[in-house]
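Chemist: Chain A is already provided as a structure; the job is to place chain B on it using the hints.
There are 2 protein chains.
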Amino acid sequence: MKQLSEVFGDKKVLITGGLGFLGSNLARRLVELSAHVSVVDSLVPDQGGNRFNIEGIEDRLEVQVADIKDTEVVSRLVRGCDYVFNLAARTSHVRSIEQPLEDLEANCRSQLLFLELLKATNRDCRVIYTGSRSQYGRALYLPVDEEHPFNAMDTNGVHKATVEMYHLLYSRVFGIRCTCLRLSNVYGPRHQMSHSRQGFIHWFIRLALSSQNIEVFGDGTHQRDFIFVDDAIEAMLQAAAEPSCYGEALNVGTGIPLTIGEIASRIAARTGCTYDLVPFPEDFLNVEIGDLYLDVSRIMRMTGWAPEVGFDDGLDTTLDFYRRHGDKYWNDADANMIR
Amino acid sequence: MKQLSEVFGDKKVLITGGLGFLGSNLARRLVELSAHVSVVDSLVPDQGGNRFNIEGIEDRLEVQVADIKDTEVVSRLVRGCDYVFNLAARTSHVRSIEQPLEDLEANCRSQLLFLELLKATNRDCRVIYTGSRSQYGRALYLPVDEEHPFNAMDTNGVHKATVEMYHLLYSRVFGIRCTCLRLSNVYGPRHQMSHSRQGFIHWFIRLALSSQNIEVFGDGTHQRDFIFVDDAIEAMLQAAAEPSCYGEALNVGTGIPLTIGEIASRIAARTGCTYDLVPFPEDFLNVEIGDLYLDVSRIMRMTGWAPEVGFDDGLDTTLDFYRRHGDKYWNDADANMIR
Numbered sequence: 000m001k002q003l004s005e006v007f008g009d010k011k012v013l014i015t016g017g018l019g020f021l022g023s024n025l026a027r028r029l030v031e032l033s034a035h036v037s038v039v040d041s042l043v044p045d046q047g048g049n050r051f052n053i054e055g056i057e058d059r060l061e062v063q064v065a066d067i068k069d070t071e072v073v074s075r076l077v078r079g080c081d082y083v084f085n086l087a088a089r090t091s092h093v094r095s096i097e098q099p100l101e102d103l104e105a106n107c108r109s110q111l112l113f114l115e116l117l118k119a120t121n122r123d124c125r126v127i128y129t130g131s132r133s134q135y136g137r138a139l140y141l142p143v144d145e146e147h148p149f150n151a152m153d154t155n156g157v158h159k160a161t162v163e164m165y166h167l168l169y170s171r172v173f174g175i176r177c178t179c180l181r182l183s184n185v186y187g188p189r190h191q192m193s194h195s196r197q198g199f200i201h202w203f204i205r206l207a208l209s210s211q212n213i214e215v216f217g218d219g220t221h222q223r224d225f226i227f228v229d230d231a232i233e234a235m236l237q238a239a240a241e242p243s244c245y246g247e248a249l250n251v252g253t254g255i256p257l258t259i260g261e262i263a264s265r266i267a268a269r270t271g272c273t274y275d276l277v278p279f280p281e282d283f284l285n286v287e288i289g290d291l292y293l294d295v296s297r298i299m300r301m302t303g304w305a306p307e308v309g310f311d312d313g314l315d316t317t318l319d320f321y322r323r324h325g326d327k328y329w330n331d332a333d334a335n336m337i338r
Numbered sequence: 000m001k002q003l004s005e006v007f008g009d010k011k012v013l014i015t016g017g018l019g020f021l022g023s024n025l026a027r028r029l030v031e032l033s034a035h036v037s038v039v040d041s042l043v044p045d046q047g048g049n050r051f052n053i054e055g056i057e058d059r060l061e062v063q064v065a066d067i068k069d070t071e072v073v074s075r076l077v078r079g080c081d082y083v084f085n086l087a088a089r090t091s092h093v094r095s096i097e098q099p100l101e102d103l104e105a106n107c108r109s110q111l112l113f114l115e116l117l118k119a120t121n122r123d124c125r126v127i128y129t130g131s132r133s134q135y136g137r138a139l140y141l142p143v144d145e146e147h148p149f150n151a152m153d154t155n156g157v158h159k160a161t162v163e164m165y166h167l168l169y170s171r172v173f174g175i176r177c178t179c180l181r182l183s184n185v186y187g188p189r190h191q192m193s194h195s196r197q198g199f200i201h202w203f204i205r206l207a208l209s210s211q212n213i214e215v216f217g218d219g220t221h222q223r224d225f226i227f228v229d230d231a232i233e234a235m236l237q238a239a240a241e242p243s244c245y246g247e248a249l250n251v252g253t254g255i256p257l258t259i260g261e262i263a264s265r266i267a268a269r270t271g272c273t274y275d276l277v278p279f280p281e282d283f284l285n286v287e288i289g290d291l292y293l294d295v296s297r298i299m300r301m302t303g304w305a306p307e308v309g310f311d312d313g314l315d316t317t318l319d320f321y322r323r324h325g326d327k328y329w330n331d332a333d334a335n336m337i338r
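As you go down the protein sequences, you meet chains A and B in turn. If you count the first sequence from 1, position 337 lands on 336 in numbering that gives the first Met the number 0, and the numbers rise without skipping. If you count the second sequence from 1, position 257 lands on 256 in numbering that gives the first Met the number 0, and the numbers rise without skipping.
Heads up, a few of these hints could be off.
No distinction is drawn between identical chains; accordingly, a pair holds when it is met within one copy or between any pair of copies.
Below 20 Å or equal to it, Euclidean Cα-Cα: the simulated DMTMM-like pairs (lysine to aspartate or glutamate) are [unchecked claim]:
#1 K11 / D58
#2 K68 / E145
#3 K68 / E104
#4 K118 / E281
#5 K68 / E101
#6 K118 / E261
No lab work stands behind these hints, which were simulated from the structure alone.
Only chain A is shown next, with the shape it has when bound in the complex (with noise of 0.2 Å):
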């Protein structure tokens, strides 16, 4: 494993779509590496995407609130940077089915136009993009392993996969070092809060909070990846200060499958909350994807990292985290909005 202060220490980084979940989590972390960040959010609302996200860190870095096709904004921000974690997208399952053209120009177009960017202002850099578990769809096989085919249940998976495709051909033909992450689905603080459209792990955490009833969908017997996000935040750094891990595309997650009816009775006994088992809605039922864990083995080879938070204890830190800031990422008149 590198050192990371060494490796980003005084380095000049971008992180876009750096105010939200991933991304704000990653500046903080760098800020303490002494890293120079500046972040680039479009703000969307409803993304992620969050000022509080950075409280007590907002004078080490920079924050330019602008979207990744904003040329101008973007192309000063790129000169002369080491690093790019390029993080900004539009994240939600159901909807990209509803809404695929809004998904096409929100993920590729801008992604392409960003790369395009790169390529006419700054190759020299190394960049880190984050795609994730959905592009692999239905599991064919178990554990996931980067050779398993794309498979996705959604539009947004398919989009993941073609930005992928974008930073490896830009990789090979143009020389721009771009590592690939596949991420499972990570949690922990300063994930959005206000709906269930990226993920359902937050929004049961909500619900206890708010003293809710949880609903978990079927019976609660599908298995998925839980990452706690420094973990995730690790893999990320690790697999950009690694020269051997450009050009290549990595899972990243913990490969322990956990169920969604553990994860609700984890948060249930720490909360006091109830759970409840109901059947699928309808606009879910075609985009289920079953059982999903992945095969990190690569990373952990090609790095050195390895996840190092247990389940019990990121879920903890989350908890705690929004038991103090829960009035930062939801408003409880807004509790029955849609999901």
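Modeler: Relative to chain A, chain B alone:
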């Protein structure tokens, strides 16, 4: 193998890109099989659409000059269709690198709109989408089978893969029965001959028939998989006729490697032209893929189809066609136009 006249006779079939190379050859065959054929083609200059391609069958099919994005025209055409052969595409490797956003718009956005329209108006039809070997990029092993990862070397190859993923997604999630084919280098009558951006073999033929010298880039030892158009059309029809192919992506080629130098030499032997080896132009170097030929055992096993036309016979038929009709495909005044 299915008896194709029983499968397609009296069936309503739409071909997008139906005035182009593959589309028009397919239309001719389907008319012969007594299908009710409609073609839609935007006749974008230089892309291959040519009214002469349907010479002699004009009265036996419906022709609409429109883009597949033209919802009004297309929704009328797809209504009640039994089969859609979805061939409309912008194809240019080098240009897609120079103008990636144009390629995104013309390929991904148009196809997503088209599939949305199918989903809204006719989920019962069967769809054949033609992707290409360019999705694979540089081969990691040979022959390239369907499990080979997508390593496209140009934006067009990424978008071909994206559109394939759209089709498989709409197949899985919305039940539209789609089969995706990945075609190797197809050659034969009715290909555009006005520039070399859609592959070199037709360009060699044009130069030879115009008594010009052929320039082979590199040392001429690169291998490709050439399939005669009649064989490719038969594969498309057999795949459409075979229900077990729905939801699958299948290679179509001969599986037989031929070097580019050998192709030039066989054309020269038949036409009396000469050929030289010249260095790759700079804009080709980055996107050159080396050797590539396909493993086509999967489609052979699933449908019983096999290629039947040997390269020498296919080349003779092709040369004969352009000797007779070259004036419909190029104008000697533009002989020195851009590659």
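Chemist: Are the hints correct? Go through all of them and say.
Modeler: A quick look at each hint next to the structure:
Within a single copy, K11 and D58 get their C-alpha atoms as close as 16 Å, which meets the 20 Å cut-off; across copies the closest is 66 Å, which misses it. Taking the shortest alpha-carbon separations for K68 and E145, neither the intra-copy value of 30 Å nor the inter-copy value of 35 Å comes in at or below 20 Å. Taking the shortest alpha-carbon separations for K68 and E104, both the intra-copy value of 10 Å and the inter-copy value of 16 Å come in at or below 20 Å. Taking the closest pair of Cα atoms, K118 and E281 come within 20 Å of each other only across two copies (17 Å); inside a single copy the shortest separation is 43 Å, beyond that limit.
Taking CA atoms no more than 20 Å apart as the test, K68 paired with E101 passes in both settings, with 14 Å inside one copy and 16 Å between copies. For a Cα distance limit of 20 Å, the shortest separation of K118 from E261 qualifies neither inside one copy, at 46 Å, nor across copies, at 37 Å.
Going down the numbered hints, you'll see the structure goes against 2, 6, while the others check out.
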